[in-house]
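Start from chain A and add chains B, C, D, E and F according to the hints.
Protein chains: 6
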Amino acid sequence: MTQPIASRDMTARSPDHSQVTMTELVLPQHTNALGTAFGGQVLSWVDIAAGICAGRHARAVCVTASFDEVHFKLPIHHGDVINISGVVTWTGRTSMEVRVRVDREQIDGRRQRALEAFATFVCVDTDGRPQPIPPLELLTDEHRACHSQAEQRRARRLQNRAR
Amino acid sequence: MTQPIASRDMTARSPDHSQVTMTELVLPQHTNALGTAFGGQVLSWVDIAAGICAGRHARAVCVTASFDEVHFKLPIHHGDVINISGVVTWTGRTSMEVRVRVDREQIDGRRQRALEAFATFVCVDTDGRPQPIPPLELLTDEHRACHSQAEQRRARRLQNRAR
Amino acid sequence: MTQPIASRDMTARSPDHSQVTMTELVLPQHTNALGTAFGGQVLSWVDIAAGICAGRHARAVCVTASFDEVHFKLPIHHGDVINISGVVTWTGRTSMEVRVRVDREQIDGRRQRALEAFATFVCVDTDGRPQPIPPLELLTDEHRACHSQAEQRRARRLQNRAR
Amino acid sequence: MTQPIASRDMTARSPDHSQVTMTELVLPQHTNALGTAFGGQVLSWVDIAAGICAGRHARAVCVTASFDEVHFKLPIHHGDVINISGVVTWTGRTSMEVRVRVDREQIDGRRQRALEAFATFVCVDTDGRPQPIPPLELLTDEHRACHSQAEQRRARRLQNRAR
Amino acid sequence: MTQPIASRDMTARSPDHSQVTMTELVLPQHTNALGTAFGGQVLSWVDIAAGICAGRHARAVCVTASFDEVHFKLPIHHGDVINISGVVTWTGRTSMEVRVRVDREQIDGRRQRALEAFATFVCVDTDGRPQPIPPLELLTDEHRACHSQAEQRRARRLQNRAR
Amino acid sequence: MTQPIASRDMTARSPDHSQVTMTELVLPQHTNALGTAFGGQVLSWVDIAAGICAGRHARAVCVTASFDEVHFKLPIHHGDVINISGVVTWTGRTSMEVRVRVDREQIDGRRQRALEAFATFVCVDTDGRPQPIPPLELLTDEHRACHSQAEQRRARRLQNRAR
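Just so you know, the sequences run in chain order A, B, C, D, E and F. According to the numbering used here, the residues represented by the first sequence are 1132 to 1294, in order. According to the numbering used here, the residues represented by the second sequence are 1132 to 1294, in order. According to the numbering used here, the residues represented by the third sequence are 1132 to 1294, in order. According to the numbering used here, the residues represented by the fourth sequence are 1132 to 1294, in order. According to the numbering used here, the residues represented by the fifth sequence are 1132 to 1294, in order. According to the numbering used here, the residues represented by the sixth sequence are 1132 to 1294, in order.
Among the hints, a few may not be true.
To be clear about the criterion: a stretch of chain A counts as covered by chain C if any three or more of its residues have a C-beta under 8 Å from a C-beta of chain C, and this derived list gives those stretches [unchecked claim]: (1) 1162 to 1174; (2) 1197 to 1206; (3) 1253 to 1261; (4) 1275 to 1283.
Honestly, the hints are just simulated from the structure, not real lab data. Just so it is clear, CB atoms sit at the ideal spot from N, CA and C, and this is done for glycine as well.
This is chain A alone, in the form it adopts within the complex (with noise of 0.2 Å):
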């Protein structure tokens, strides 16, 4: 894998540019003894999702910070799809805030909020240092008001380390 880093394009993009949809099948491997998906499957799906995401925007492997509060409000079974959809909602100089939702679609085609996730991707070079990423650039109001509320997560987030 060549990561062409020294002319890597540093021109803003908008969220839309690193949208990310992930479609996956629960089988009988990604479930606990009651046939539903682990939260821990769940959760890597949401990685991989959120990571391929901050990595469309960077032009670069971004790896995971963290993970705000995760609440799991359906359990998602064996046979339906998992509709993950993932879109960058604030950045840094080298990290940026990834917003994934999680769909459960059963097989008569209803489809439910199962999971809304907020992670923290930092982009790093090929010996793991933190590297600058392109701004972010907002087009629309929908953006904006992503923008604004990721802007108050980082606040509350800050505060709670601070803590």
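Same frame as chain A, now just chains B, C, D, E and F:
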């Protein structure tokens, strides 16, 4: 997994209704000694994407009946992102054709078609017997073009089988 | 798997009773393009360890309800050993908090905290409905200190959810 | 993995030399909600068997170039044994055709053809560039019959591609 | 999976009837930090091959009862092909011995014995209780030699257990 | 993975230093058609636990040299927890013996020995050549008893190999 077959909604659906986008990251476990994804691993993702697409149209479990000729145009490397999109192009009484496109995306953002495949899926009941599916509603010129090309592939397939 | 729910032993248990130690080796299949373990892979192990811990306390299957904020402090490399320890810190009527600590251990024996996470699990019957769990018996000063910190986290969580 | 390309033995080899027999047990992780093996899982085994067969003929790594039409004739169930056999049927300068037959075997010993597939593999050097392979030595009438059918499939493929 | 136990065919079968050939490719997910296959991974393949062999003789599910001493003679590398062959060498009333040989095959075609193992399997009904198996029919001198060596190993095992 | 071999700490270590506790949950992907864990899957966990234990003593990568006779005493079911503990019992110049005990734990808390195994591991450098390991420091009567039994098993092994 309960399949409310008796009460399945059989109204016609457009190809957009069941369209599937799947995004995967190529990890060491997917690659051969050259660091590129196995052909069979890629077909495995293609089959899952196509199966979700077929199941979304049929609102019941669908199983793979056949794959048309598949050509691997480009190697996909460890660290690449794979974008897979599936769409129903044709429906019969119990079977349908799904077109799957696979694009490889490198870390610098370049995206290239690596594969296009056409699969036939059959909708089955819980005993594995074929059961009827809703018709396909063609709403746009693109839908109609896709469907007409699918008709031609189907004719060719029947001809090949007769050979 | 038979779950003798009717006859479940509901006597109070100390945190030591259900304490879990899990040791894993980081293999190629757990790592990203930099050769470090995915955040989601680590959370997946954390979730299994916490679920075993919760199930050991409750003597019934428990499912993930939530994870608190999780910060990844150190990268974990291919070939490192991961030491995970889980302990029940708080119990309610049907739910409990599990603290999970993850240490990375390098081949030269150095061991460092890579992660600390707090998860809430709910004990469920075979239909997935919450069911009562035994109370937690606090025997030592450390048990009591852990429990009192867990009470504070719980208050914060309820406050966050109200926001 | 060392590939002594410079000194590769390029003498002609019979199809018997590289023939591959692969036996697999269908486990829960290979199956869908009906308890039957996924089409993509079966193709994944077919691809590995064909790749081993091609590599055994070429004495170098070979990668999948294409699969011909594949028809799934019978469902393969959880607990069934899968018998896969691969044989090189045709060789060109850098590519070859491999025929793969998949039989399902039930616990009572009944064995039935579930699939026959034809794949084209290309022999590559460590940079992924096509490199020459040894010729195929046809020793028996069966070898010659297989080869002549392969020539016909190849003509059809070239014709299809021209379309 | 239906197991027609009542009507199981209990006529004597030769070792050739149940002989198993399994071929696997060593992938990154099978290897340790040195790029060689884990001992446990190899034993896992040996166990599946032996279980298929035992099940083929018994025409019912068989479970592992024991493994004799196992010596790993050669490292097996990432990219090597593994050839596993299993054969029933001895049968009792409900149990049997299976000999498994593992050869590593390098890309240049060299093939060397990496492991020989002897496992005992017990045939069980759907409740996991031992059930009778068909006798072994010894047709050739090689069958008889294998069987007589198996008798000696069995005597040694009984003696070891008595110790 | 960096292995500071030149500066490896070779001071004697007690068996407690390298003791390993591994806890696993039996999932569908680990089980056969009867819903019990495969023998090979269990040995695979045993091998990883033993390898971590050996590596922790040696402070370098260790590879499996042999397993003694292994008897599976109890089936382990889907949903059971597996408790594995490994301890170094004997050291030579470059090899050591590791004892691994496997207990199955059912949801009601009952814990029973399912397996005891003795494995020999060899410490290797990055080229796979055997390299010296630190001596074992026997501090307690239990350490000495374990070591003396290991000496007897070693004598028996050498005798068996001579046969």
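Structure-based check of all given hints:
1. 1162 to 1174: Per the Cβ count (9), the hint holds.
2. 1197 to 1206: holds (count 8)
3. 1253 to 1261: holds (count 3)
4. 1275 to 1283: Result for this restraint: violated, n = 0.
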